[in-house]
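**Q** Sequence:
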Amino acid sequence: MLKVALTGGIGAGKSTVAKKLSQLGASVIDADALSREVVAPNTEGLAAVVSRFGPEVLTPEGSLDRAELAKIVFESAPARAELEAIVHPRVRARARELTDALPDDAIVVQDIPLLAETGQAPGFHLNIDVEAPRELRLERLAARGLDRADALRRIDAQASDAERREVCDVVIDNSHDVHELERRVALLWDERIKPFAENLRHGQAERRPEKLQFVESDPAWPRRFEHLAARLRRVMGPSAVRIDHVGSTAVAGLPAKDVIDIQVTVVSLHVVDAFADSLGDAGFFGGVQFDSPKPEHPDIAQWEKRLYGYADPGNIAHVHFRAIDVPGQRFALLFRDWLRADAQARADYAQAKGMLAAKADSVTEYAEAKEPWFDREGWPRANRWAAEHGWQPPLC
9 MLKVALTGGI GAGKSTVAKK LSQLGASVID ADALSREVVA PNTEGLAAVV SRFGPEVLTP
69 EGSLDRAELA KIVFESAPAR AELEAIVHPR VRARARELTD ALPDDAIVVQ DIPLLAETGQ
129 APGFHLNIDV EAPRELRLER LAARGLDRAD ALRRIDAQAS DAERREVCDV VIDNSHDVHE
189 LERRVALLWD ERIKPFAENL RHGQAERRPE KLQFVESDPA WPRRFEHLAA RLRRVMGPSA
249 VRIDHVGSTA VAGLPAKDVI DIQVTVVSLH VVDAFADSLG DAGFFGGVQF DSPKPEHPDI
309 AQWEKRLYGY ADPGNIAHVH FRAIDVPGQR FALLFRDWLR ADAQARADYA QAKGMLAAKA
369 DSVTEYAEAK EPWFDREGWP RANRWAAEHG WQPPLC
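In this text, residue positions in the sequence shown follow the numbering used here: the first is 9, and each later residue adds one.
I should point out that these hints are in silico values taken from the structure, not numbers from a laboratory.
These figures come from a predicted structure and were not determined experimentally.
Wrong hints could be hidden among the right ones.
As the list claims (entries may be wrong) - Below are the BS3-like pairs computed for lysine-lysine, each with C-alpha atoms no more than 27 Å apart in a straight line:
#1 219 to 361
#2 367 to 378
#3 11 to 202
As the list claims (entries may be wrong) - Pair ranges (Cβ atoms, derived):
#4 350 to 188: 45 to 51 Å
#5 250 to 359: 26 to 32 Å
#6 228 to 97: 30 to 36 Å
#7 41 to 250: 38 to 44 Å
Beta carbons: idealized from backbone N, C-alpha and C, even for Gly.
Put together the whole structure using the sequences plus the hints.
**A** Okay, here's the thing in structure tokens:
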């Protein structure tokens, strides 16, 4: 099943987005509702809250006085952390129960206000952030009856917009009217969420378009890499010796195909095969491939790798799993570092890419045409630069 996290600051419009996604067919799990459920009367969650904060956080009827509790936790970061330590694990456990009860082909959206703060983002296939200007959020909160000082305290107690963007794949701007917001959500559903779910159902990665197209260097590429790398780290843990952004999108200023290349270094490719099912659950699919041998290393066996892709049509990626110290693993890191450090090499490669692309109609033709350039120029020049500068591949 496709697992989506939805987040956003208080007053940004997250609930409206959740409602629209539900209308479109998603199964929505609301973390705020669960946070109330796990501290309802006669629950051990409520007992834990009372044990920590005292009976004054109870109403005369014995339920949680949320307003009284809010006065305590919004004035004290340590108190808020202690409350979260009680509530968050119980909310996550309940969310897992609800998710496990859904059909395998469900699209599950978890509404999680504190996604960035709680470190849960890598556990989802797609993370969506809803944003709105601060003053507009304050106006909306005032319309709910919240005074400005209290609203500001609540906004400031949460992650900033920048912190949420760091962990989210999609940012939805909600600075317009509700009809525009719903239009954007419907477009996201049709163009990204549904195709993503279909790819997961069929166990396939999103394929790059065969039509060759270069785009200008995008400052969002490093963030897209980090989102994918976080998911890979969650799956593989220490079995991934290192995870690196490689290829043209890892070099600032270099035009490239809009595909994120990632190298995951492992001790042995058998490790990758052992994680195949877990990688598939996380949205990564692939199999055995070989890099093109270079003259000093003609044995094709030295160039074996596992090439995976990601199922998200909005973040096409190639994940190259290579064993530590094989020629392909070393060259991927060397080539990136050489281009980052040497402006002339970067310019020469950009020119070569442009000339080869002008003669190729497809990505496959372009890739085949580029190999002679690597043999003639890229491989020897990068290795000379490494020798001159004492470059060695980082080990961890």
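**Q** Which of the listed hints are not met by the structure?
**A** The structure breaks none of the hints.
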